[in-house]
Every structure is written in C-alpha cells, then in structure tokens.
Amino acid sequence: MATKASQSAARLMMAPAVVLLLGWMLVPLITTLYFSFADFRPLRGVFEPWIGFDNYERFVSSSSFWDAVTTTLVMVGAILAITVTLGVLLALLLDKPMFGQGVVRILVIAPFFVMPTVSALVWKNMMMDPVNGVLSHVWRFFGATPHDWLVETPLLSIILIVSWQWLPFATLILLTAVQSLDGEQLEAAEMDGAPPLKRFWFIILPHLARAITIVTLIQTIFLLSIFAEIFVTTQGSFGTRTLTYLVYQRVLESQNVGLGSAGGIIAVILANIVAIFLMRIVGKNLDA
Amino acid sequence: MGRITLNNITKSFGDVQVIPPLDLTIEDGEFTVFVGPSGCGKSTLLRLIAGLEDMTSGHMEIDGRDVTDVPPAKRGLAMVFQSYALYPHMSVRKNIAFPMRMAGVDQAEQDAKIEKAAAALNLIDYLDRRPGQLSGGQRQRVAIGRAIVREPAAFLFDEPLSNLDAALRVGMRLEISELHERLETTMIYVTHDQVEAMTMADKIVVLRAGVIEQVGSPLELYREPRNLFVAGFIGSPRMNLIEGPEAAKHGATHIGIRPEHIAVSPDAGEWAGKVGVAEHLGSDTFFHVHVNDFAEPLTVRAPGEVSFRSGDTIHMTPDIARMHRFGRDGLRIA
Ligand SMILES: Nc1ncnc2c1ncn2[C@@H]1O[C@H](COP(=O)(O)OP(=O)(O)OP(=O)(O)O)[C@@H](O)[C@H]1O
Ligand SMILES: [Mg+2]
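These protein sequence lines map, in sequence, to chains A and B.
In terms of this note's numbering, the first sequence opens at residue 1 and continues consecutively.
In terms of this note's numbering, the second sequence opens at residue 1 and continues consecutively.
Source of the hints: derived by calculation from the structure; they are not laboratory data.
Bear in mind that the values here come from a model prediction, so they are computed numbers and not experimental data.
Any given hint could turn out to be false.
[Stated by the list, open to error] Residues from chain A that face chain B, not an exhaustive set, calculated with beta carbons under 8 angstroms:
1) I109
2) A110
3) P111
4) Q185
5) P196
[Claimed, not checked] Derived lysine-lysine pairs resembling PhoX-like cross-links, with alpha carbons at most 20 angstroms apart:
6) K94/B to K116/B
7) K116/B to K198/A
8) K74/B to K198/A
9) K113/B to K94/B
10) K96/A to K4/A
[Said to hold, decoys possible] Pair by pair, the computed Cβ-Cβ distance ranges are:
11) F13/B to V74/A: 48 to 58 angstroms
12) A275/A to D128/B: 29 to 39 angstroms
13) R130/B to I214/A: 19 to 29 angstroms
14) I214/A to E151/B: 34 to 44 angstroms
15) Q17/B to R140/A: 31 to 41 angstroms
16) I106/A to A112/B: 53 to 63 angstroms
17) V70/B to L92/A: 20 to 30 angstroms
18) D128/B to L121/A: 31 to 41 angstroms
19) E178/B to I276/A: 49 to 59 angstroms
20) D111/B to I276/A: 37 to 47 angstroms
21) E181/B to A5/A: 54 to 64 angstroms
Built from N, CA and C at the ideal position, the CB exists for glycine as well.
One chain only, chain B, in its complex shape (with noise of 0.2 angstroms):
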C-alpha cells in the first residue's frame, strides 16, 4: 500500500520560498513523474516525501496515517539517489543487506531476500564485489536492489539514470518500469527527461518553479497541455508556438501546432517557407523552416524518405483539429 497526500505544503529555505502552497494526491500502485526544468524544486519536493527535509507548513499522509513529523526512516519509503549513495566500503551483498540488518532481520531471512533481488536485478555474479568495482548500470541496480529488500510502500527516484549513457539508459528505463509492473508499488520518479517521462509514467506533475503547472497522464498532457508553458514542456521536438496575426486569425494570442501536425508538400498548402537546418533520425526528418511572417522557424515533420535541400521553398498545412489555442493569459481556449 502506498498512497500518498500532500496537503498545502511548503518548503522555505531562509527567506526563499522554494515551494509555496502545493496539494497533490499519488494514488496507491502509481507511476508518477515529476518534471520540471532545473531548479524547479523537484528534488525538494522529493526529499520532503522523503522526509529528509523538513516541510515549513503543511502536512503529508501515506495511507491516511499523518507522517509530517515522522523521520525518514519510519515513513516506509526507499529512495535512490543520482549518485547511487552506495556504501563504498561493504560488498554489493552488504549493501542490499544494509537496511535488513538495520532492521534485525534474521540471517536467513536477509539471505533469501539478497538471492531473490540479486536474481530479478542480474547481480548474481557481483555480490562480493565493491561498489567501486562495478559499472555505472551495475552500481544503479545495486542501489535499486537496496530499496526493493525494504519492501517499502513506495519508492523514491531522484534522476537515477542521468549518470547513464544513453543506450544504458533506455534498458534501465525498461527495467524500472517492468520491476513497477511486478512489485505494483508507488513509485515517485524525478527526471527533466521528458522522454523519461512519457514512456514511464502513468501520471506526470508539471512543475515551474515549485508550482504545479499541470496533473495528467502523459497523452492528457500531450493533448491537452493546460498552458503555454506545459505546451513548450511535453512533447519533443517542442511545439511550434506562434503568435501576432496568424494566431489572432484563430481567435487566441498564441497557437501551438507540433511537428508531427503539419503536412508537407512541395508545392501548395497554406504556408510557405525556406529549409534551413534539417535533422536526419532515420525514420524520420525534422526540418527547421523560415516562414517569412513568423518570429521563430518553424519545426516540421516529415517521413524518413522525404529529402529537401536547404533552402529549398516548401509548403505546410496545419492540422487544425489538432491546434492548440492560448489566451492572453497563457491558459488553452477550449
């Protein structure tokens, strides 16, 4: 069990207000990611679930039991830190036994607990060694397999994979979020990879600086982004934000139109414009394209085949069903 609720929090640290009044529920079994750009205060807000920092007002509850002042360790939370925090000086075995043992968990029982997280996390092989002696991936399922031995009501991530290359990265991902489908656990996932985000969560808070932009799950967001700030923040490449005339001919400040929302074509459509820089992935293109009456170049999408030179003139179509509207005060026009 693991349902987590955080009732007008705040977190000051001296005169800075971190995080000012916050609510938000995290349902029992849920996936949920926190992003935000740097010094948003997603890790504050983790480490006051954590209960590593003191909250200034407010109060928290994990399955209706009020834990605001309870330490860290009686809350029933694992954490795994972006710098693993690994014991350096204690065999991988030692490491995962840690919190048993501080426990007064019975050999027997720390031993069974050690094979079986040691078996789901590919560790077998390294349990005498050090932390310093195993790879980056290694060293994070460690820490994983640290948590998972708690057998904790939800687990805490702080960008764990951010140390990571990139291909390392995207097993790790899969691995997370497969060991989410097994345990069933809350688990709390800070990242500014949106990419992270989108593909793990079954729901992502928005935070700017320390306010929560928008609650939902990551299609929600991608659909219906609440603001201009969640609608430049979900989705990559970022949406192309447009204002002046060509916006106020729909009846909004700005409008926003993804890459993947407009048809090209080389001869007609409704706006023309010159190819400037053009990203090749493979399967698909990205082509930056000036169009004369716009501030920024726009972001288009085209199949992998599709080849245009730079400063070749082409033509695009938005797909108005799937424009998105903004008033003056940065909120979606429904």
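Pulled out of the complex, with its shape left as it was, chain A reads as follows (with noise of 0.2 angstroms):
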C-alpha cells in the first residue's frame, strides 16, 4: 500500500479536493479579515478600505464584550458538563439488554432530529411558558408557584434546551463505546474484587476517555457558534449573549460590517485557544 510511487499517486489524486476544500475555507476567512481592517458601513455608504486596529479596539474595548466572553464560558462549558456527564450514564444504561431496546434508542436519539430553532420555539411555549407551559403544570401540580424560566434563569434556561439537543450525539457516541469495551476485562476486574463502582472508575471511564474527548472537541466547536436558540428565547437579553451573537448585533443592529468582522476574528481565534486548551486537558487524559 504504502510504496512511494502509490503515495505520490495518491497525493495527487487528494489534491483537488484539498484546493476545494482550502479555497471553501480560505475565501470567507479572508474577506472576513479584510473587513476587520475597513470602516465599512453599507447603509451609510461609508467604506474606507483601511483603518488598522480601530475595529478591533473598539469591539475588545466595549463593556459588552468581556460579559461575552464570560457568558460564551460558562454557557458551553456547562453544555458540556452536562451532556458528558448524562450522556456516560444513558450510554450505561442503553447497553444494558433491556425490553424494547430499539425503539428507546431511537426514542434518545431523537432530539437530535429537531431543528434547533424548532426545538428552542417548543421549548420557550410548550415546555417553559410560566402559564401554559408544561413545566408549570408540574410545578403547580406539587402546589408550588411556575418559575418564569426564560425572565428569571435566562441562561439555565438556555443551557438547558442547548443540552437537551446534544445529548443524543453524546450519549451516541459514548454507547458505542461502551459496546467496544472487552466484557472479559470486566469480569477480571469483577474477580480482583472491584465493586461496580470501582469497575466503572477503574476501568470503563479510562475506556471512555478517547470518546469523551471526541464528544467535548465537536461540541465545542458547535457550541462557540450557538445563534438559533438565543435568538429564539431571549434575543441576547438578560446576560444571554454570547460572542457570536454580540457578533450578529453589530453587524445587522448597528449596521457596522467592519466592527462586526474584527468580532468574528477574534472569535475564531478565542474558539481556537480554547480547543487547544481542551485538547490539552483531555489529551493529557488519554496518556495518563
């Protein structure tokens, strides 16, 4: 397979897709960085191709942006701590042969499927609505007042419904590997003498950990960018707004393309530390 000649052929065989490919991402990326350097204000038809760092200045500088940052933080890692943690342990739980096993796992699945501004608008009328909702119905049911989730726990509320949509992805990768777990190690373990705790601490969490790590990497990735179920429930309001939606305010509220691109670079160079971070962390995990 690996002959020098078939590599070369190979190489070459990549290539187009790799310029697609390259070209797809580049483009978008570097108009993005050209307008970050532009005072560029369509509506106004104020275009001057370059200021320097003034975009980037202003938009750093602005009390708005460090509460995104923070918001951004603690929305995703809270997603994550969630799905992660839920998702370990549904994933235990799917693996166990049980009566209708196929529909339930079609039935986790399932969240999944729902747009997410679909999902956000269900569950801001249906599920939270303080009068109608029906998790006032509960509430009220065990005689205690509804909880207005959207006005007094706006960013609960958010992680919450962002979790409830990610977690069939997570505990779908993490049943698959739990499947992939030797039964015999178990049983070995069970014959040192190790309690199911232990069994689970000591031996399917260290087999857990390359998926955990695929599941926080994707995650994040997808999580910097959440739009559609903030814009749904809050609009940005009540400290609900993350970088990528302070980003979409300054462009289209305050019409300014220039101050809205140095924003979205240095979201993605904000998303980046913190993969490497996460990479890091996790990493480190897998080598332990």
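Since each chain sits alone in its own frame, please combine them into the complex, following the hints.
Here it is as structure tokens:
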C-alpha cells in the first residue's frame, strides 16, 4: 500500500479536494479579515479600506465584550458538563439488555433530528411558558408557584435547551464506546474484587476517555456558535449574549460590517485557544 | 487450601440445558484439566466455578464452605482469561497491583509482592510498559502475575495458551506446570488441546455436551478409556476404531487399537493393507494404511527410519494385550 509511487498517486488524487476545501474555508476567512481592517457601514455609504486596528480596539474595549466572553464560556462549559455526564450514564443504561431496546434507542436519538429553531420554540412556548408550559403544570401539581424560566433564569434555560439537543449526540458516541469494551476486562476486575463503582472508575471511564475527548471537541466547536436558541428565546438579553450573538448585533443592529468582522476574527481566535486548551487537558488524560 | 466440590449443579441458558446435573470433586493442590470438543461446556463450567455465571440449580463448596451464592470476588479464586483481559490503560505494575489495591493492601507489601511475581515470571524489565507494548507470551505472564499476587485458593485458566504460537505454547506449558509445583495450589485448566491435557494434568475431566464422560489421571484415560468417546478423544494420533466382523472375532461391537500398539512388518502379519499417506515426524512415522475389510484406513506408527512408499503392501499385527473392546452401548468391555 504505502509504496512511494502509490503515495504520490494518492496525493495527486487528493489534490482537487484539498484545494477546493482550502478555497471554501479560506475565501470567507480572508474576506472577513479584509473587512475587519476597514470602516465599512454599507447603509451609510461609508467605505474606508484601511483603518488599522480601530475596529478591534472598539470591539474589545466595549463593556459588552468581556461579558459576552464570560457568558460564552459559562454556557459552553455547562452544556459540556451536562451532556457528557448524562451521556455516560445514558450510554451505560442503554447498553444493558432491556425490553424494547430498539425503540428506546431511537427515542433517545430523536432530539437530534429537531431543528434548533424549532426545538427552542417548542421549549419556549410549550415547556417553559409560565402559564401554559408543561413545566409550570408540573410545578402547580406539586403546589409550587410556576417558575418563569426565560425571565428569571434565562442563561440556565438556554443551557437546558441546548443540552437537551446535544445529549443524543454525546450518548450515541459514548454508547458505541461502551459497547466496544471487552466484557472479559470487566469480569477480570470483578474477580479482582472491584465492586461496580470501582469498575466504573478504573475500567469503564478510562476506556471512555477517547470518546469523551471526541464528544468534547466536536461539541465545543458547534456550541461556540450557538445562535438560533438565543435568537428565538431571549434575543441576547438578560446576560445571555454570547460572542456570536454580539457579532450578529454589531453587524445587523448597528450596521457596522467592519466592527462585526473584527468580532468574528476575535471569536475565531478565542475558539482556537479554547480548542487547544481542551485538547491539552483531555489529551493528557488519554496518555496517563 | 482449595478443595472444590460441585454437587448436582446444572446450568441452562433459557430453555437450553448446557450442563445437565453434574458432580465433581477437585482435591486440594490438584491440577485438573477439563477437555472436550468445542461447545461442550468447558468454559461454562469454569465460569460457574468462578461465579461469573449463576448456577441454575445445585450447590458448590470450597474447603467445605458453601459458596453457591457468594459473589466471584469473595470466592478466593483467580482467573486467567483466554484474551488475557489485561487493563490496557494501566502499566504492567498497576495491572498486577490491581487486585491488591482493591483489597486495600498497603503499598510496601504491594511492592514486595509485585517484585516477587515479576521476578518469578521474567517481567522485571517490563513493569512500566503498557499491555499493548508486550508480546503475547509476556501478556500471558502478566495475567498470571495478576492472579498469583492474590494468593487464591485455586487458579482457573480458560484456554490460556490458545493465542500463542506453537513454540511459545510449549514454553508456557512448562512454566505453568512449574508454577503449580512451586505453589502447590489447586489449578483448573480448560483446553481442547489434548497434548496440554496429557502433559500437565494430575486429573483429566473429559466432557461431552456438558456430561462428564470420564475422570482420571492421564495414563488411566490412555490405558482404560471408559467408552468409545474417550477412546477416540484421548491419544494423538487418535486410536483406530474397527467395527464389523473383525470386532466380532474379539467378541465386541468395536475394537480399538492405538497406532503405537501395532507392529509393522514388510512380509508377515495379521492384517495386510496398502500404504496411503505417510506423516514423517522425524522420530516416528505415521502411515495411513488401507485394509480391505475395514471402513476407515488404519493409522500405524513405525520408528523414524522405516520407510515404506505409498502403494506398498505392508503387514500389521495388533498387540492383543493392549486392544480395547467396546460393547453395543459403547462402553468398555473389561
Ligand atoms: N451466554 C450464553 N447464552 C446462551 N448459550 C450459551 C451462552 N454461553 C454459552 N452458551 C452455549 O453453551 C454451550 C457451551 O459453551 P462453552 O462456551 O462452555 O463451550 P466450550 O466448551 O468452552 O467451547 P470452546 O472450546 O469452543 O471454548 C455452547 O453450546 C454455547 O452455545
Ligand atoms: Mg471456551
């Protein structure tokens, strides 16, 4: 397979795809980069191609920037924690033989098929609505005053909605990992005197480390750009304005493309920092 | 100490009874081998003893203590799996330490025992490696090391050598036998390789479809197989079994004669036949000889130097004293 001739042939064959992919990713990135150094406000007819780092300075120095960074990190971190923890537990549960296994597995995966906008609308109007929402009925059933989710705990509400959406993904990946665990290892640990919790801690969890890394990384990338859920529910008010949402507001609400582009570039850099940081942490766990 | 008694135990998976009622006693310090064809229930029986499967009925004792409902960890048995079942993310040292860590043994004692086990098993240089960085034989030794440090009442082995190549298998066979002599602990060993069974065992248990066909020392089984199945199963190459008029001459439905108990001569003997395939092993040569009245070719052994060609006619004389006779029910006629 890996002779020199076949390697260079392979490179040649892959070239078109690589070039296309690079162009696909580079063109928008370069345009954004270009605009981020320009004073570009189309509705007012302002276009000045080079204003240096002014946009970046304005974006970073505004008070909403650091709030947005904190909100983003809290939101992504909380969602990761919830989906990975519940994902591991659900995967272990689904791995057990039980009645109606096939149906249960499909039900667990179902939320993943619901579009973000739709699910946010459903949660907002049918689950979390303080008057008619399912949750408010539950609260009333137990004699409590219904909780006005999106007004009183907007950040928590969005975290719950997005976690609900991403839990299936985490569960699915973790389930395949759980299924690939050699049963004899667990039996050996059982004979070696490890009770269930220790078997989980010493055998199952290390085995899942790789899958957890993958779930964390992929989810982080997608979660950094959550938009629809915020747009539909709180419109970025009450401390739910993430970096992505801030960029959107700068571009559309204040019609400042240059400022928005600078924000976009900052978001890309931050996302990369977060990703490298995560890979380090989890990568270390993998090798330990 | 490790005297294991099985009383009337059975095992069913759903409606299928894999082990019909079975009684067996394994004496303290004995090396017992379970043999039998694939799917006969050897692993199942071993896992019942280990406690990894629940018995459907019956009960089991270790040193007089009823352990039928005792969980695996509390039975004081250690098991070596066919796949080794090492913990891939732990170093060899941590693998061996794992049972002691679970039992809360203090660190100094752990280290001492690991050193001792590693020295005995030639693992000193590999203590800090991961299982993935070891050869099959080394992994096997780590698995054994992990079993040794627990100082169990008995060791259970499920086909531990079947993943190794032939040369290594012979070496490990010896190592396990030596280990048994040194520790004098009860060992139960599952295999379908009858050379392993014959060379290692104090006692062989021959199983067929969950039923014990015969229990005895290797030589007892070789000299006096209780029935046709054991006769055909123990011995390599297998015993020649002849039925029909030739058997009737000896007052039996089947007669059995091992290849090594037939004298071969170029010119005179009781049976005559044409040589078919010859297997030269160096020390010995096995000939497949087609005899006119027999349904299957006879296998006969000749000393290494003797050479007949395919197609030659040779003459054979069975050693009557070592002939086995079996009746209509397949049982041995004394
Ligand atoms: N979990 C199970 N569920 C249902 N049937 C099983 C199960 N485990 C084993 N069996 C059946 O029990 C019988 C005995 O299996 P077992 O694994 O003990 O055979 P074995 O003698 O170890 O064979 P081998 O030499 O191939 O390892 C087989 O017919 C097998 O199909
Ligand atoms: Mg088996």
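Going down the list of hints, with the structure as the test:
1. The restraint placing I109/A at the interface with chain B is violated, with a minimum CB-CB distance near 29 angstroms, outside the 8 angstroms limit.
2. The restraint placing A110/A at the interface with chain B is violated, with a minimum CB-CB distance near 32 angstroms, outside the 8 angstroms limit.
3. Hint status for P111/A relative to chain B: violated, with the closest Cβ pair at about 32 angstroms, above 8 angstroms.
4. With a cut of 8 angstroms, the hint placing Q185/A at the interface with chain B holds, because the nearest CB-to-CB distance is about 5 angstroms.
5. At a threshold of 8 angstroms, the smallest CB-CB gap from P196/A to chain B is about 11 angstroms, leaving the interface hint violated.
6. Only pairs whose Cα atoms come within 20 angstroms are accepted, and K94/B paired with K116/B is accepted, the gap being roughly 15 angstroms.
7. Distance check on the hinted pair: K116/B and K198/A sit about 26 angstroms apart at the alpha-carbon level, beyond 20 angstroms; violated.
8. Proposed proximity of K74/B and K198/A is supported: the alpha carbons are some 16 angstroms apart, at most 20 angstroms.
9. Proposed proximity of K113/B and K94/B is supported: the alpha carbons are some 12 angstroms apart, at most 20 angstroms.
10. A hinted pair counts as satisfied when its Cα atoms are at most 20 angstroms apart, and K96/A with K4/A does not qualify at roughly 48 angstroms.
11. For the hinted restraint 48 to 58 angstroms between F13/B and V74/A, the CB-CB distance of approximately 52 angstroms keeps it satisfied.
12. A C-beta distance of roughly 32 angstroms is found between A275/A and D128/B, which places it inside the suggested range of 29 to 39 angstroms.
13. For the hinted restraint 19 to 29 angstroms between R130/B and I214/A, the CB-CB distance of approximately 21 angstroms keeps it satisfied.
14. I214/A and E151/B have their C-beta atoms about 41 angstroms apart, which keeps the hinted 34 to 44 angstroms range intact.
15. Checked against the hint of 31 to 41 angstroms, the C-beta distance between Q17/B and R140/A comes to roughly 57 angstroms, which is inconsistent with it.
16. Taken as a hint, the range 53 to 63 angstroms holds for the pair I106/A and A112/B, whose Cβ atoms sit roughly 54 angstroms apart.
17. Our hint of 20 to 30 angstroms for V70/B and L92/A holds, since their Cβ atoms are close to 26 angstroms apart.
18. In this structure the supplied range 31 to 41 angstroms is violated for D128/B paired with L121/A, their Cβ-Cβ distance being about 57 angstroms.
19. The given range of 49 to 59 angstroms is respected by E178/B and I276/A, whose C-beta atoms sit roughly 53 angstroms from each other.
20. Between D111/B and I276/A the beta carbons are some 39 angstroms apart, a value that agrees with the proposed interval 37 to 47 angstroms.
21. Between E181/B and A5/A the CB atoms are about 58 angstroms apart, so this pair conforms to the stated range of 54 to 64 angstroms.
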